[in-house]
Amino acid sequence: MLSVLAQITWKQWRQHRLRTALTLLGIALGVAVFFGVRTANLTLLSSLTTTIEKLAGKATLQITGGESGFPEAVWETVKDTPGVRVAQPVIEVIGNTAFADQSSLMIVGVDMLGDRELREYEFDETTTEIADPLVALAQPDSILISRTFADKHNLKDGDKLPLFTSQGRKEFTVRGIFKPQGMGEVFDGQIAVMDVFNAQFVFGRGKNIDRIDLMNEPEVDVLALRQKLRERLPAGVEIDRPASRGTGIEKAISAMSIGATIASFIALLVGVFIIFNTFSISVNQRWKEIGVLRALGVERGNVQRMFLGEAVLMGVIGSALGIFLGYFLAIGAERMLSQIATQLFSQVSTQQPPVFRWDFAVTAFVIGVLSSLIGALMPARGASRLNPILALHNIETRQQEDILGKTRLIAGVVLVIVSMGLIGFAPAKVGMNVQFGYAALLLFGMVLLLPKLTQWIARLLRPLMDRFFGSEGVLAVDTMIQSPRRTSATVGALMVGLMFVFATAAYVRSYQTTVSGWMDRIVNCDLFVAASDQARSRTYHFSEELSLRIAALPGIKRIENVRILFPTYADDSIGMVALDFDGWFERVKNVVEQADENEAREKMVAGEGVMVARNFVERYHLTTGDRLKLATPTVPFDMPIVGVIEDYTSEKGAVFLDRKLYKKYWNDSSVDMIEINLHPGTDRATVKTEVQRLVRGEHRAFVYTNQEYKKWIMDLINGFFALSYMQMAVSIIIAALGIVNALMISVAERKRELGVLRAIGGLRSQIRKMILLEAAAIAIVGVLIGAIAGFLNTWFIVRTMAMMVGGWTIPFSFSPVMVLIALPLAIGIALLAAWLPARKAVNTSVVEAIGYE
Amino acid sequence: MIQLENVSREYGDGKVVYALDHVSLLIAKGERVAVMGPSGSGKSTLLNLVCGLDEPTSGEVKIDGTNIASLDDDRRTRLRREKIGMVFQTFNLLSTLTAQENVALPLRLNGSSKKEADSRAAAMLDKVGLGARVTHRPDQMSGGERQRIAIARALIFQPPVLLADEPTGNLDSKTGEEILALMDGLHREFNTTILMVTHNEEAAEHCDRVIRLRDGKIVSSTTAKEHTTKQ
Ligand SMILES: Nc1ncnc2c1ncn2[C@@H]1O[C@H](COP(=O)(O)OP(=O)(O)O)[C@@H](O)[C@H]1O
Ligand SMILES: [Mg+2]
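Sequence order for the protein chains is S and L. Heads up: the first sequence begins at 21 in the numbering used here, then just goes up one per residue. Heads up: the second sequence begins at 1310 in the numbering used here, then just goes up one per residue.
In short, the hints are calculated from the structure, not lab data. Quantities reported herein were computed from a predicted structural model and do not represent experimental measurements. Beta carbons are placed, not taken as given, at the ideal position from N, Cα and C, and that holds for glycine. A portion of the hints provided could be inaccurate.
In the DSSO-like style, the derived pairs of lysine-lysine whose C-alpha atoms are separated by at most 30 Å in a straight line are [to be verified]:
(1) Lys-472(S) <-> Lys-1436(L)
(2) Lys-1338(L) <-> Lys-771(S)
(3) Lys-684(S) <-> Lys-577(S)
(4) Lys-731(S) <-> Lys-609(S)
(5) Lys-227(S) <-> Lys-684(S)
(6) Lys-1436(L) <-> Lys-1423(L)
(7) Lys-860(S) <-> Lys-1392(L)
(8) Lys-1436(L) <-> Lys-426(S)
(9) Lys-708(S) <-> Lys-680(S)
(10) Lys-472(S) <-> Lys-577(S)
(11) Lys-1424(L) <-> Lys-31(S)
(12) Lys-680(S) <-> Lys-227(S)
(13) Lys-1392(L) <-> Lys-771(S)
(14) Lys-1424(L) <-> Lys-771(S)
(15) Lys-190(S) <-> Lys-31(S)
(16) Lys-176(S) <-> Lys-199(S)
(17) Lys-1371(L) <-> Lys-472(S)
(18) Lys-1392(L) <-> Lys-1436(L)
(19) Lys-31(S) <-> Lys-680(S)
(20) Lys-180(S) <-> Lys-190(S)
(21) Lys-730(S) <-> Lys-771(S)
(22) Lys-771(S) <-> Lys-1423(L)
(23) Lys-31(S) <-> Lys-730(S)
(24) Lys-1423(L) <-> Lys-308(S)
(25) Lys-99(S) <-> Lys-227(S)
(26) Lys-1324(L) <-> Lys-1371(L)
(27) Lys-860(S) <-> Lys-1324(L)
(28) Lys-1423(L) <-> Lys-860(S)
(29) Lys-577(S) <-> Lys-426(S)
Some chain S residues well away from chain L (every beta-carbon gap over 10 Å; in silico) [as the list claims (entries may be wrong)]:
(30) Glu-96
(31) Gly-490
(32) Lys-609
(33) Thr-706
(34) Asp-735
(35) Leu-783
Cβ-to-Cβ under 8 Å is the rule here; a few derived chain S residues that face chain L [what the hints assert, rightly or not]:
(36) Val-332
(37) Glu-773
(38) Gly-781
(39) Asn-863
(40) Thr-864
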């Protein structure tokens, strides 16, 4: 029996190719986003790990000391530890060439004598002059570059390579070109090698090194050696196996991709709406066929099974297509992620094709098929309950439209209120999954309310449509009101997509406003000189000497040196800002919380305490009076907290201390940013030009005025939300697909109805106008309901997400401007989507459309 | 009133099938004509040509002396809206609209306000005996009631012509009889010209003339009297 039914299904699909294709695409996109994002994440992680491993060579353990590095003394200790066979110091810098394009280049400083024991260097045939180019590194101007980099800049052995260093612009001589394999592939081949002590000097590391790569004696267990080293080394240095260094990065990246996961569920949800829509319409269109089947003795169960089988098949094909699409999506997403990783977390990756994981594919596949089944469930049940006699008589029957029932309305209202209550009052730390549950409740409640809301808004629209478009307008709205099932499915697809877009946009704006206010109060210097145009790419620094030279320029009242790092604290990467607090307190007033500002000032300037950010207090429950312990590369740091300030440096919280203290404990005098305060009446632009003239050709420095710096920060925030924007784009595309799908099938479904309208005297132009107006009305209702859902969801993001992720209190704000922007867009898409079917509808013969026998 | 001159309607490109084969016919104002014939003989085709939903491959169809083929689609539609009411075997009501909204539909397509259209629709529904059921939807009603709605809709403009394609075909004989009685009554009131396709000899008796079709040709045309005596 089922094989006959399968044949009927196949015929249906062939007959409604476009509808089938759009439905498949609906599932496919959902699955693609779900699969693609996870694959991209994994690929990035794998490429970061590969990078680490390639750079690590044969090392079995790596000792790192955060961004400040650690003193050379650590190296001595490591070398003298029994069981260590090789221990090599390494400096790693992402610098920039002083060529016109200032392209970035990863510079690895190694010890030329011992490094071959760890890393293989295969030099290109072109290197003939010198027997061992590694030995040539002994000359302080020597540099070895990869073939890829050499080709890109047309460099040969003996050519000059200018680089920006902490000592200013310096010229190096290419003394060897190594093959683009192993280490040579890292950072897409933009890599160079120089002597570790030379690198230490020119990149301002003082007496610090960034890393030690070591190999154990074969008879010694790696983990035992690690334990032994742990006991001997200061707490601030980390000892890890190269392969597991990726896990820390994974944490940072998975924070970025929470949103992407949400987006993929949104995509799937829209897919469910599309399936629901397709199937209800398919059932409606096939009622006669169903009647015949029932009359021929097909049981209810089998009718239902036929439709569910169809849904499973749709799910299978759509999901397979989705996984295929997702794989390509992963390529793009991975590129984006790795850019963000470089920019925000200073993590270098090496491009590689997406990693295909069967378990991801299977999960995505199952979720796709399930979504399809869920979407088809109600329509399939409706089909099996159809009265065969009515259907056979070819007269008006329709599915019971019970979706306006009171129970639904009440359930919807209750769900929305409960979810709002939970968001508002439930404790903040019950866990991510539970808290996402609130959003799910909210969404579910909104879905239950959809038909009623649709009806209400449509009623409000009615007089407007009457006024502007006459009877066709009213008819359009009436048709909409009278088929709540069809309308709700379309509106639902729009709502889900837009809700997410509105809420994200509202949050980003709100966040930017907050940060902007904070900068006005606290980050309010006249000029900023930064060592990097990236947020956390802090391997390249200025020296104190440069800031002294800048301070000597005319018009400058005072400078503050700032060093920003992201050390590990309680297994998280927090922010640490070391600056000259005597200057800071001169310009920043009334910002210290939970302490007397004068007392705090005294202690900070004297180096007798630290201040912490508000979200640090929130996160770690330490506040004024408590002591803060930090691991350092030297002796343990243990200081009282003397005040709390508002700060957005890190979502994990930040610690502030005077540079004197930092220099002492971290053994690091480099500078990331020079903040400049001018004498009153001095022109910012003039001084900016002066500073630029001072550094030109010598340092890679970015000079910003206050306004420009603010804009730079805002751009960085945008960069951080780039993923969210991508998700928004996906949501918009899927929502658009939802309307296109729904409107196309809705017009097709009403072929007979439209035929009747024409038979009783409806002009072609009137029918077309009606269809288009209905499409527009659906778009308007969708945007408005999306706005309502988005408004509620913004509250969720602000209350729950911002608190959960950043411990920040972001004020709620929801701008109607977005809704006003979305409105014409949605209407435009709806009109476009309805245009073709409308044309087709008015051009088919009425006799055929009515199809009476 | 209605005039067909040598009208043919062909189907197919290769082997031509005549749905209607050189038919000439003249129907006077107020006349009631029944069209009978076996399935596939061209009855529905004839009706579709008269109301301008279909175009003849040759010959002319004239309503009140106007050749329908000479009108563009909009004019033809307006002509249909105002001068020709149509009733179908399968009712063809819009299932999402109430009885009143269904009947008011042609008025609203003509630009009437909802209020005016609704009140006229209510009056018309009253005339066909459904005054109490204006707010019901078609699927809450019986076949006979649905056909009454359809008739009310067809007559809302008080058109001079009513075309009915097997209006009783989906109804039991008693209900069918009621519908025919209703049409008789409306005919008396408005002097509507009626062209009705039917399989039912009793239905044909309500008409002044009976035309029999076979393979697209008129094989006989008899007045009601002749028709009854022949039996
Ligand atoms: N769209 C069409 N394409 C091809 N043949 C058609 C079409 N419509 C009707 N016909 C043919 O025209 C003839 C007359 O049809 P119709 O007027 O519907 O007959 P009746 O209403 O008397 O049953 C039939 O032979 C039918 O097969
Ligand atoms: Mg027929």
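Okay, the hints, checked on the actual structure:
1. Lys-472(S) <-> Lys-1436(L): Roughly 36 Å separates the two Cα atoms, so the pair is violated.
2. Lys-1338(L) <-> Lys-771(S): 34 Å, violated
3. Lys-684(S) <-> Lys-577(S): 27 Å, holds
4. Lys-731(S) <-> Lys-609(S): 23 Å, holds
5. Lys-227(S) <-> Lys-684(S): 13 Å, holds
6. Lys-1436(L) <-> Lys-1423(L): 20 Å, holds
7. Lys-860(S) <-> Lys-1392(L): 27 Å, holds
8. Lys-1436(L) <-> Lys-426(S): 36 Å, violated
9. Lys-708(S) <-> Lys-680(S): 27 Å, holds
10. Lys-472(S) <-> Lys-577(S): Given that 30 Å is the threshold and the Cα spacing comes to 65 Å, the pair is violated.
11. Lys-1424(L) <-> Lys-31(S): Cα-Cα ~46 Å, so violated.
12. Lys-680(S) <-> Lys-227(S): 17 Å, holds
13. Lys-1392(L) <-> Lys-771(S): 24 Å, holds
14. Lys-1424(L) <-> Lys-771(S): With Cα atoms ~28 Å apart, Lys-1424(L) and Lys-771(S) stay inside 30 Å; holds.
15. Lys-190(S) <-> Lys-31(S): 74 Å, violated
16. Lys-176(S) <-> Lys-199(S): 13 Å, holds
17. Lys-1371(L) <-> Lys-472(S): Violated, at about 50 Å.
18. Lys-1392(L) <-> Lys-1436(L): Holds: Lys-1392(L) and Lys-1436(L) sit about 19 Å apart, inside 30 Å.
19. Lys-31(S) <-> Lys-680(S): Between Lys-31(S) and Lys-680(S) the Cα gap is close to 80 Å, so the pair fails against 30 Å, i.e. violated.
20. Lys-180(S) <-> Lys-190(S): 10 Å, holds
21. Lys-730(S) <-> Lys-771(S): 57 Å, violated
22. Lys-771(S) <-> Lys-1423(L): 24 Å, holds
23. Lys-31(S) <-> Lys-730(S): Not OK: Lys-31(S) and Lys-730(S) at ~61 Å, beyond 30 Å, violated.
24. Lys-1423(L) <-> Lys-308(S): Since the Cα atoms of Lys-1423(L) and Lys-308(S) sit roughly 33 Å apart, the hinted pair is violated (cutoff 30 Å).
25. Lys-99(S) <-> Lys-227(S): OK: Lys-99(S) and Lys-227(S) at ~17 Å, within 30 Å.
26. Lys-1324(L) <-> Lys-1371(L): 29 Å, holds
27. Lys-860(S) <-> Lys-1324(L): 28 Å, holds
28. Lys-1423(L) <-> Lys-860(S): 28 Å, holds
29. Lys-577(S) <-> Lys-426(S): Given that 30 Å is the threshold and the Cα spacing comes to 71 Å, the pair is violated.
30. Glu-96: Consistent with the label, Glu-96(S) stays out of reach of chain L, its closest Cβ about 86 Å off (over 10 Å).
31. Gly-490: 7 Å, violated
32. Lys-609: 67 Å, holds
33. Thr-706: 71 Å, holds
34. Asp-735: At about 52 Å from chain L, Asp-735(S) clears the 10 Å cut-off, so the statement holds.
35. Leu-783: 5 Å, violated
36. Val-332: 30 Å, violated
37. Glu-773: 6 Å, holds
38. Gly-781: 3 Å, holds
39. Asn-863: 10 Å, violated
40. Thr-864: 12 Å, violated
Checked against the numbered hints given earlier, the structure breaks hints 1, 2, 8, 10, 11, 15, 17, 19, 21, 23, 24, 29, 31, 35, 36, 39 and 40 and satisfies all the rest.
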